[in-house]
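Chemist: Spelled out, the chains give:
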Amino acid sequence: TQLLEQSPQFLSIQEGENLTVYCNSSSVFSSLQWYRQEPGEGPVLLVTVVTGGEVKKLKRLTFQFGDARKDSSLHITAAQPGDTGLYLCAVPGAGSYQLTFGKGTKLSVIP
Amino acid sequence: DAGITQSPRHKVTETGTPVTLRCHQTENHRYMYWYRQDPGHGLRLIHYSYGVKDTDKGEVSDGYSVSRSKTEDFLLTLESATSSQTSVYFCAISGQGAMNTEAFFGQGTRLTVV
Chain Z
1 TQLLEQSPQF LSIQEGENLT VYCNSSSVFS SLQWYRQEPG EGPVLLVTVV
51 TGGEVKKLKR LTFQFGDARK DSSLHITAAQ PGDTGLYLCA VPGAGSYQLT
101 FGKGTKLSVI P
Chain H
1001 DAGITQSPRH KVTETGTPVT LRCHQTENHR YMYWYRQDPG HGLRLIHYSY
1051 GVKDTDKGEV SDGYSVSRSK TEDFLLTLES ATSSQTSVYF CAISGQGAMN
1101 TEAFFGQGTR LTVV
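From first to last, the protein sequence lines stand for chains Z and H. Just so it is clear: in the first sequence, position 41 is 41 by the working numbering, and no numbers are missing. Count along the second sequence from 1, then add 1000; that gives the number in the working numbering.
No lab work stands behind these hints, which were simulated from the structure alone. Remember, it's a predicted structure, so these values are computed and weren't measured experimentally. We put the CB at the ideal spot given by N, CA and C, even for glycine. Take the hints with a grain of salt, since some may be wrong.
[As the list claims (entries may be wrong)] Listed next, with one range per pair, are the computed distances between beta-carbon atoms: (1) Z/S12 / H/D1062: 32 to 40 Å; (2) Z/P39 / H/G1063: 38 to 46 Å; (3) H/N1100 / Z/A68: 40 to 48 Å.
[To be verified] To spell it out: a stretch of chain Z is covered by chain H in this simulated footprint if at least three of its residues, at any positions, have a beta carbon under 8 Å from a beta carbon of chain H; those stretches are: (4) 61-69; (5) 97-111.
[Said to hold, decoys possible] Okay, derived cross-link-like pairs now, DSS-like style, lysine-lysine, Cα gap no bigger than 30 Å in a straight line: (6) H/K1070 / H/K1057; (7) Z/K70 / Z/K57; (8) H/K1057 / Z/K103; (9) Z/K103 / Z/K57; (10) Z/K106 / Z/K59; (11) H/K1070 / H/K1053; (12) Z/K59 / Z/K70; (13) Z/K106 / H/K1053; (14) Z/K56 / Z/K103; (15) H/K1011 / Z/K106; (16) H/K1011 / Z/K103; (17) Z/K70 / H/K1053; (18) H/K1011 / H/K1070; (19) Z/K106 / Z/K70; (20) H/K1053 / H/K1011.
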């Protein structure tokens, strides 16, 4: 059983559309991170959410941590081709500095 | 950007040969990690280090060993490469600041075992 379930697995949309991707689990986490990975590159940290119900905004990206700290969502407003990439969520392990990643949502924004 | 350099960036090797991948950081971060990324599996932790000469196994450590003799260098060795180890390998570092699980990744090494 995957610790983190990301959905959808693939998403292809037109430029200007809005979208939401999800990261779900049955476990409670102290924090959750979102990364974006472009083809041929390593993942890059976008944001860390810590408090249940927390909302963070990064330009057109809005990140929300669930009230129970079991899930998170990433909403992109007016998607642009530069948003294309693999979006990964990750959580730290209990008592360690290891990160466990979801399998990601591969987003394609078509001009 | 965090100073992380992976070498080589690409490598093709034959089954049964030893291979060593290098990760070098200039950030003085305590923690270093090796992940592999495969379609359908995502990023999986191979080994990690929490200090010089302090290492531990991750989720998919079989067939791999690591060494960390200096803070800045973390080596991943495939003792006898197999085709199942064809993958993209990423090094990551963390451990600075309040959110010390936040990871910074290298650009990856694409390894092909033929």
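Chemist: Name the hints, by number, that the structure is in violation of.
Modeler: 2, 3, 4, 13 and 17
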